[in-house]
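Add chain B to chain A, keeping to what the hints say.
First to last, the protein sequences are chains A and B.
Mind the numbering: the first sequence is residues 1 to 346 in the numbering used here, read in order.
Mind the numbering: the second sequence is residues 1 to 102 in the numbering used here, read in order.
These aren't lab readings, by the way, just hints derived from the structure by calculation.
Heads up, the beta-carbon is just placed ideally off N, CA and C, and yes, glycines get one too.
Straight-line distance between alpha carbons at most 25 Å, and here's what the computed SDA-like set of lysine to any residue pairs gives:
1. A:Lys302 / B:Trp21
2. A:Lys239 / B:Pro101
3. A:Lys258 / B:Gly10
4. A:Lys239 / B:Asp7
5. A:Lys258 / B:Gly39
6. A:Lys220 / B:Pro101
7. B:Lys6 / A:Asp238
8. A:Lys258 / B:Glu66
9. A:Lys302 / B:Ala41
10. A:Lys56 / B:Ala41
11. A:Lys300 / B:Gly40
12. A:Lys56 / B:Thr22
13. B:Lys11 / A:Glu271
14. A:Lys105 / A:Ala317
15. A:Lys302 / B:Thr35
16. A:Lys258 / B:Glu102
17. B:Lys11 / A:Pro134
18. A:Lys302 / A:Glu78
19. B:Lys6 / A:Arg132
20. A:Lys56 / B:Pro60
21. B:Lys11 / A:Pro133
Over the 12 Å line for every Cβ pair with chain B, so calculated as not near, a few chain A residues:
22. Thr7
23. Pro65
24. Leu72
25. Gln284
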Amino acid sequence: MSDNPETPIETDVAIVGAGPAGLFAVFELGLLDLKAHLIDILDRPGGQCTELYPEKPIYDIPGLPIVTGQELTGRLMEQIKPFGATFHFGEMANALKKLPDGRWKLSTDVGTEIIAPVIVIAAGGGSFMPKRPPVPGIEAYEGTSVHYAVRKMETFRGKNVLIAGGGDSALDWTLNLAPIAKSLTLVHHRDGFRAAQHSVNRMRELVEQKKINFHVASVKALHGEGGQLSGVTLSGHDKREWHLEAEALLPFFGLTMKLGPIADFGINLHENLIPVDTAHFESQTPGIFGIGDIISYPGKLKLILSGFHEAALMAQAAFHICRPNEKLRFQYTTSSSSLQKKLGVA
Amino acid sequence: MKIFAKDREGKETVIEGRDGWTIMEMLRDAGLPITAECGGACACATCHIYIDDGWYEKLPPPTEGETDMLDMALAVQPNSRLSCRLTCSEELDGIKVTLAPE
Numbered sequence: 001m002s003d004n005p006e007t008p009i010e011t012d013v014a015i016v017g018a019g020p021a022g023l024f025a026v027f028e029l030g031l032l033d034l035k036a037h038l039i040d041i042l043d044r045p046g047g048q049c050t051e052l053y054p055e056k057p058i059y060d061i062p063g064l065p066i067v068t069g070q071e072l073t074g075r076l077m078e079q080i081k082p083f084g085a086t087f088h089f090g091e092m093a094n095a096l097k098k099l100p101d102g103r104w105k106l107s108t109d110v111g112t113e114i115i116a117p118v119i120v121i122a123a124g125g126g127s128f129m130p131k132r133p134p135v136p137g138i139e140a141y142e143g144t145s146v147h148y149a150v151r152k153m154e155t156f157r158g159k160n161v162l163i164a165g166g167g168d169s170a171l172d173w174t175l176n177l178a179p180i181a182k183s184l185t186l187v188h189h190r191d192g193f194r195a196a197q198h199s200v201n202r203m204r205e206l207v208e209q210k211k212i213n214f215h216v217a218s219v220k221a222l223h224g225e226g227g228q229l230s231g232v233t234l235s236g237h238d239k240r241e242w243h244l245e246a247e248a249l250l251p252f253f254g255l256t257m258k259l260g261p262i263a264d265f266g267i268n269l270h271e272n273l274i275p276v277d278t279a280h281f282e283s284q285t286p287g288i289f290g291i292g293d294i295i296s297y298p299g300k301l302k303l304i305l306s307g308f309h310e311a312a313l314m315a316q317a318a319f320h321i322c323r324p325n326e327k328l329r330f331q332y333t334t335s336s337s338s339l340q341k342k343l344g345v346a
Numbered sequence: 001m002k003i004f005a006k007d008r009e010g011k012e013t014v015i016e017g018r019d020g021w022t023i024m025e026m027l028r029d030a031g032l033p034i035t036a037e038c039g040g041a042c043a044c045a046t047c048h049i050y051i052d053d054g055w056y057e058k059l060p061p062p063t064e065g066e067t068d069m070l071d072m073a074l075a076v077q078p079n080s081r082l083s084c085r086l087t088c089s090e091e092l093d094g095i096k097v098t099l100a101p102e
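If we strip away everything but chain A, and leave its shape as in the complex, we get (with noise of 0.2 Å):
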């Protein structure tokens, strides 16, 4: 059952990541008028260049001497406005299913269904998901005890609550809560932090004024039964190691990228890359393709550019899938008056 009375959506195209890879393959898709959704685990566009190097420069974009991952994926996002691409942000691609008509049916973990003759997986490194600390048994308490995002603060509201990590999660998380927790414990391997230097500094006096705690250490067990939390053990540096009350655990590391449901699609991967003819750049079931660092075929490298020349490549392909009674008409943004009426320019 979808949450989401629009849906199913129909389109032509659904692609899931929207990097730059992603996002270029709008632009081609769009000049062969082809429309296209795009899902996207994290809040915004860019994927890794604006997840993990949003401010670091990026020198290898042809005509671009010098670009930030933020830069790029604004300037893409300019270039594929004319297209009307519809984007689900904060949505994990889950489940892909083949209709009887030949199309594919993609759902999403809050219930957008997309039907599309074809697929785009353009999901680089996987699904960006919360880095888990390597505490024994962590999973049976994800949910009800170890919180990776705060969705309501009432959830933390008379309890012992204990948040790990030292960037400025970590850091608002333990301004925010500290008045509602029974308790606020902030524990991180060193008495320094990555995090805004007011947001230290307020930090700093909460626990001058002994309102909430804070420990050079790090989680070693938990404790608790039935997914429960009722204590932990930290550990020092010194390895000296003591028991802490907590029913609560924030951990905040930043995010990593891991494959997730991309895996369960049907897909045939190899070493959890999709192989991919370097014609069409389909993956071995028809109709799903891939662009970017998620494929793999002879001699792919990682680039950003490879991914754009993937996702011409792609947008042919997919085009006699979507129209199979039209012509293909191959034509230059330079000199065509359609292409460019497309674009918004003439």
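Structure of chain B alone, referenced to chain A:
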């Protein structure tokens, strides 16, 4: 130079290090399960290793960028480093490292 690298199960691999290459690249090319998802940009903390047997002190100290990025690594210890920040050289011949858990 040689790198003695232990995986997360404790199995040791001896890798011939190439001058000027990073230890992350050597570990990755030797097929060890190191994620290094940002490809060496000091932007992800998934090439985290422990430096064993007194080698930590022999390394050039981490930059502020590396120290900050280590805040996003899991199970950080006093001998933690990001292997994309360490360059192979004769001075590091015989270095011993262990992949950190992930």
